[in-house]
Every structure is written in C-alpha cells, then in structure tokens.
Amino acid sequence: MQIAVLSGKGGAGKTLLAVNLANLIEGSTFLDCDVEEPNGVFYFADTYNKEEVYTKIPVINDHLCKHCNKCVDFCRYNALIDFLGKVKVLPSLCHSCGGCQLVCPHGAIKEKDELLGYINYTSVRDHKIFGGELRIGKETGVSIIEKILAKANTNEDSVIDCPPGNGCSVMESISDADYCVLVSEPTVFGLENLKMVYDLTKIYKKKSGIVINKAVEDNGLVEAYAKEIHIPILGYIPFDKNLALSNSKLEMVSNGAFKSYFDHVLNRIKKEVSI
Amino acid sequence: MIIVLPIKEESEKSIVSDQLGRANYFYVYHSENDEGVIFKNTFLNENHGAGVKTAEFLLKQNADVLITPRIGEKALEILLETKVKIFKSNAKIVKENIKDYLNGDLEELY
Amino acid sequence: MKQLLILSGKGGTGKTTIASSFIRLAKSKQFADCDVEAPNLHLMYKKGSKDSKPYYGLKKAFIDQDVCVECGLCKDHCRFNAITDDDGYKVNPFKCEGCGVCGYVCPANAIDFQQSTDGSIDLYQDNYRFSTGSLKMGSGNSGLLVSEVKKQLQDSEGLTIIDGPPGIGCPVIASMSGVDFILVVTEPSMSGFSDMKRMIETIRKTKTPLAVCINKYDINKDISNNIKDYLYENNINFIGELPFDKEVNNLINQSISLVDTDNPVGVEIKNIYKQVIDLM
Numbered sequence: 001m002q003i004a005v006l007s008g009k010g011g012a013g014k015t016l017l018a019v020n021l022a023n024l025i026e027g028s029t030f031l032d033c034d035v036e037e038p039n040g041v042f043y044f045a046d047t048y049n050k051e052e053v054y055t056k057i058p059v060i061n062d063h064l065c066k067h068c069n070k071c072v073d074f075c076r077y078n079a080l081i082d083f084l085g086k087v088k089v090l091p092s093l094c095h096s097c098g099g100c101q102l103v104c105p106h107g108a109i110k111e112k113d114e115l116l117g118y119i120n121y122t123s124v125r126d127h128k129i130f131g132g133e134l135r136i137g138k139e140t141g142v143s144i145i146e147k148i149l150a151k152a153n154t155n156e157d158s159v160i161d162c163p164p165g166n167g168c169s170v171m172e173s174i175s176d177a178d179y180c181v182l183v184s185e186p187t188v189f190g191l192e193n194l195k196m197v198y199d200l201t202k203i204y205k206k207k208s209g210i211v212i213n214k215a216v217e218d219n220g221l222v223e224a225y226a227k228e229i230h231i232p233i234l235g236y237i238p239f240d241k242n243l244a245l246s247n248s249k250l251e252m253v254s255n256g257a258f259k260s261y262f263d264h265v266l267n268r269i270k271k272e273v274s275i
Numbered sequence: 001m002i003i004v005l006p007i008k009e010e011s012e013k014s015i016v017s018d019q020l021g022r023a024n025y026f027y028v029y030h031s032e033n034d035e036g037v038i039f040k041n042t043f044l045n046e047n048h049g050a051g052v053k054t055a056e057f058l059l060k061q062n063a064d065v066l067i068t069p070r071i072g073e074k075a076l077e078i079l080l081e082t083k084v085k086i087f088k089s090n091a092k093i094v095k096e097n098i099k100d101y102l103n104g105d106l107e108e109l110y
Numbered sequence: 001m002k003q004l005l006i007l008s009g010k011g012g013t014g015k016t017t018i019a020s021s022f023i024r025l026a027k028s029k030q031f032a033d034c035d036v037e038a039p040n041l042h043l044m045y046k047k048g049s050k051d052s053k054p055y056y057g058l059k060k061a062f063i064d065q066d067v068c069v070e071c072g073l074c075k076d077h078c079r080f081n082a083i084t085d086d087d088g089y090k091v092n093p094f095k096c097e098g099c100g101v102c103g104y105v106c107p108a109n110a111i112d113f114q115q116s117t118d119g120s121i122d123l124y125q126d127n128y129r130f131s132t133g134s135l136k137m138g139s140g141n142s143g144l145l146v147s148e149v150k151k152q153l154q155d156s157e158g159l160t161i162i163d164g165p166p167g168i169g170c171p172v173i174a175s176m177s178g179v180d181f182i183l184v185v186t187e188p189s190m191s192g193f194s195d196m197k198r199m200i201e202t203i204r205k206t207k208t209p210l211a212v213c214i215n216k217y218d219i220n221k222d223i224s225n226n227i228k229d230y231l232y233e234n235n236i237n238f239i240g241e242l243p244f245d246k247e248v249n250n251l252i253n254q255s256i257s258l259v260d261t262d263n264p265v266g267v268e269i270k271n272i273y274k275q276v277i278d279l280m
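Chains as they are written, first to last, in our numbering: chain P, 1 to 275; chain H, 1 to 110; chain L, 1 to 280.
Note that these hints are calculated values from the structure, not bench results.
This structure is a prediction, so every number in the text was calculated from the model and none was measured.
Note that the Cβ used here is the ideal one computed from N, Cα and C, for glycine as well.
Please note: incorrect hints may appear among the correct ones.
Claimed, not checked - If the Cβ cut is set under 7 Å, some of the chain P residues that face chain H in the computed set are: (1) 73; (2) 77; (3) 78; (4) 81; (5) 89; (6) 188; (7) 191.
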C-alpha cells in the first residue's frame, strides 16, 4: 500500500502526519518528496547517507562555435545568451532539455553533468527512509523526486510526504499512490487550499480522505466540505501546545501521548483502501 | 559614453521603471551627441530569463552604464563579467538621473 | 507610494493574518496577494467589482494525430517523459515544459505549440484596489504571474501592502522588485529557522531593508531565543513576537480582524506595525 500525504498550504501538518504514519506502519518505507524543504528525514535519524543527483547542462566549445546563435534562439528558457561573440550558458535557467545540442549545426555543444542535489537515505529499525535535497538556486527538483519515488518497492508499504502546493512535483509524487491523505486546518484558509488539492487528486482519480490538523471544538468548515464531496474525515489531530513543542523539536509524537490519534487515522485509511 | 535606463513610459520625461527585466521601455543615451533613443522591451512577457535578455540587450547596445533601482541575480551575474557599471537610480525623471550620474551624485549599486 | 512586502520562507507561519491586520491598521487603499499558488487574501476582500484576465504560461506541445507518422522520435527525445504512446502519441500537458525539442525532431511536422491558460490575473475594486492572481494546478513557473499581479498596482498615496509567496524561488524574487521594505514572519521550529536564514540571504542580495518577527514564539522558546541571537549577530532588526493563541483561528473564521479585539496577538501585531512604520 502506498499512501501519499498532501496539503495545499505550507505549515498545515503534512510532514507531521506523514512521518508519524510511517512510524506506525511496520516495515514501511518513508519517501520525503518535499525537496525544497527537506525535514522529514530528521524525524527518524540525525545522520544519513548521501547520493548525488546530476542533471545535464550544455558546454559550448568556443573553437567550434561559429556564433550562429541557433541555440540562443531555440532556448525557450533564455538559458543561453549571446555574450559579445561567445555563447554563454546560465545553468540556473537551464531545464536540461537537450535542444541546444540538437540544433547546433557545428557540433559545438556537448553536455556535462551538473550537481542538482542529493538523495538522503538511511535505515532505522525496520524502516527505510529516503529524502531529497535540491541545491539552493536550482529551480526544479522534479528529477530528484522521480528518483526518490523509484526507491519505493510496490510490494511494500510506503508513505510519501508530498511537496506543498499544487505544482507539477505534487502530481509526480501522487501518480502511483493507492490512497491520498489530505491534511487541512479547520480555518477558511485551510479549506481554500484543501479544495485545491482535492481537485488535484481528482485528476488522477485517486481515493482520498481528510485529516483535520490543529483541530478545535468546532471543525464545521472542513466537515461540511467533506460531506459535500463525499469523502471521509479520517481523523483529528488536536491543536495542542505540547504536540507543537515536540514537533518543533522533530520528535516523533506518535511514540508518546499522542499515539492514539495517529493509530485512529491509520486504521481508517486501512479500512478505506480495502473497500 | 552610453547610458541605459529602464523606463515606464515611452518618453524622455518618464520616470525610471521599478523593474529592470520587466520594464516597459529602455532609454539608451549617448553622451557624445547628447541624444537618447527609446527601445520597447521585447522580453517583457518572457516566462523565463527576462533579466538575462536585458543583459544581452545592454551588451548589444555597448552600454557603459546602467542606471536602475535594482537588478536581478541573473542579469547581475552576467553584467559583473563585463565593463558595464551599475548605478542606483533616484526618484526623478530620466534626464535628471543622467544629469545626476554625470555630476557624480548617484551611488554605485554593485 | 511605499510598498511593504511580507514574506516567510516556510508556509503557514501567519503571513496572511499579519498582512490583513496591517491592511486594516494602515487603512490601506491598495494591496496585493502574490502567493499565486495558494492565494488566500481574496477570501477576506472579495467585495466590489472583479476584473479577470487569463494568464498564459509557456506554450505547450500538441501532437496532431492525423499528421503523426508514429516514428517515436519525439518520445525518444523528450527529457521530461511527457510523451506517451499508449493510444497514439500524446503529450501530457502537466509534464510538458514547452522546450520545443519534440517539434524540432518531428519529421512530419505534426507537433505545434499552443498557448495554454495557466492561471488568471485578478483585480478587485471597491473602496480599495486589490490585485491578486491564481495559478492553475500543475503549472510550473509563477514568477511572471507575480510580476503581472504587481503590475496592476498603481502609484497611490499611503502604504501598499503585499502578501508574498512562500519559498525562496523565482516567485519570491519577482515579488521583491520595487518594494521599500520587507517584513519576514518566522516561527520557532527547526524548519522555520532554517528557511528564515535562506530567506534573509536572498533578501540581502537585493539590498532591501528588512525586519523580522516571530509568530507563536512561545511554542518553543529555545528556538525563539536562537533566532533572536542570530538576528542580533547579523545586525537585523527584530521587531516583536506573537504568542500562540487558540482564539486566533476562531476570530479569523468569523471574519473578525484581530486588531479590532483585545486579543494579545492583535495587540502585539499593532506594536509590530508601529515599528515597521517607524523603520520605513
């Protein structure tokens, strides 16, 4: 079973829920796809191994370049510029599409590997943990996310901590999931972003359910929406200062006083997936 | 000497644009004959790298000085490798900025 | 016109709550929401007339099945795995990055690039002018949309308040252009702290003056103190901290502005506001 945890808004409790679900599922693999804010791994361990992830960027051979500017004109990302008689590459804008090399009539463009980021991995007890890290200044970590997702064994249980928002990297991270857990706060803002991610899960026709994080006495806003779209509320994580304190220190709250809340959510998910 | 400024309106009386790569127009001033030419910014709606294209434009114009309120990281990365000097604009119109620059009253940004 | 931008790095730190309180305190006639991937401010200011314009992103590939000779070259060359051949050759618009390689290699000229609507640019006008935008899901780059949202702002009297995007990427850089002052809202968690440091690094490159406040500081006072030490050592203005208060969300859900109440968070926001105005 593969569970994806997502939320439209940052700070809604996505990572909190994902790490604790993984913690409770014996032998599960945890995949942290939030490569721009890679914190999930640290809940499990302080140290981890690093694997480098590379992308390709063009290198111009100035001796062969005839300054025809075909590559400059082709590049949709403006990653190549005409620099006073030379063509200059701006790696931070390059999407590694390979187009410039194809259009160069003089064979003056080759590609070289450039470090895009890392995959961080470790094993803790019976869990395998994978996370990624995008180097500062790099625009997109989609290829790191693809590599992290490839680490999951489809026969084993895994939990995916998706990136925030609704961009292409979120789509990538839910594409193989059996179930999507949507985390929302019971506020007008939370609801707005919940609607957004729910629409996303619909595109891939994924089964989904809602967990209300920072739950208070009245969570009617989100409950009413769940009723309207006919998806279940899987559980509630309370709005509690002690929980927030433990979580801010990257402690695994499901090992302590708050275990029952996460057990409840997990049991509900198991039931939903089996239907 | 050639001085370039991003401007808001197609006029010598325009104020300096608060954006560089996404300015509406560029004012290119030649001090030898005290004449300025206005260019429309054709990269205004580029999804990526408007600042890079602006830097390329400055190089093609053979600019010596850029007067702008601010500059993005990528345009800066390119221009730092060239002779172009970058100065911080003031709130006044284009002509006043050029005059202030020539009098040494503008501050160098980088 | 003076522009104040509110940023956070990490999402969910209370940026929008502070922005809306500031709008009220400044009696601001003009404001903007640059968080185009998850806009929220319009939930509070949707009165008045609304103008919407489509936002176009990069043109995406489209394969004409009637012309396609099914040679597979496009699929072989696509680095984004955006082309499938399960049922004729097709482009997945969510994966296509519009690079143009498939069109270049296609021997049959079956691929063309079509404008796609990637979001909208919105303007609400009442006794205020409120510029915002939203990005359609799966549409990558939002820096240009942020610039479009900011372009709808006019020269006006008083303070223009801008709710910024999360993260430190391209949209954030776009939101910074032309602003006079940046307020960074952070929270006392390991991730909040590390994101704040990355944020400050980014802001310092633009040389825009800035100040920092901490939200929910009492959740982890140790980290709050570490943040304050860091700011002091780096000579950055620290201008206040907001307590954790369960009542805040209730008030927001009832559309009551915090600064109209005697809620301790509202009181502290007023104090922070005063300091921002002094610094500006």
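Going through the earlier hints one by one, which of them does the structure break, listed in rising order?
Checked against the structure, the hints that fail are numbers 1, 5, 6 and 7, while the rest are satisfied.
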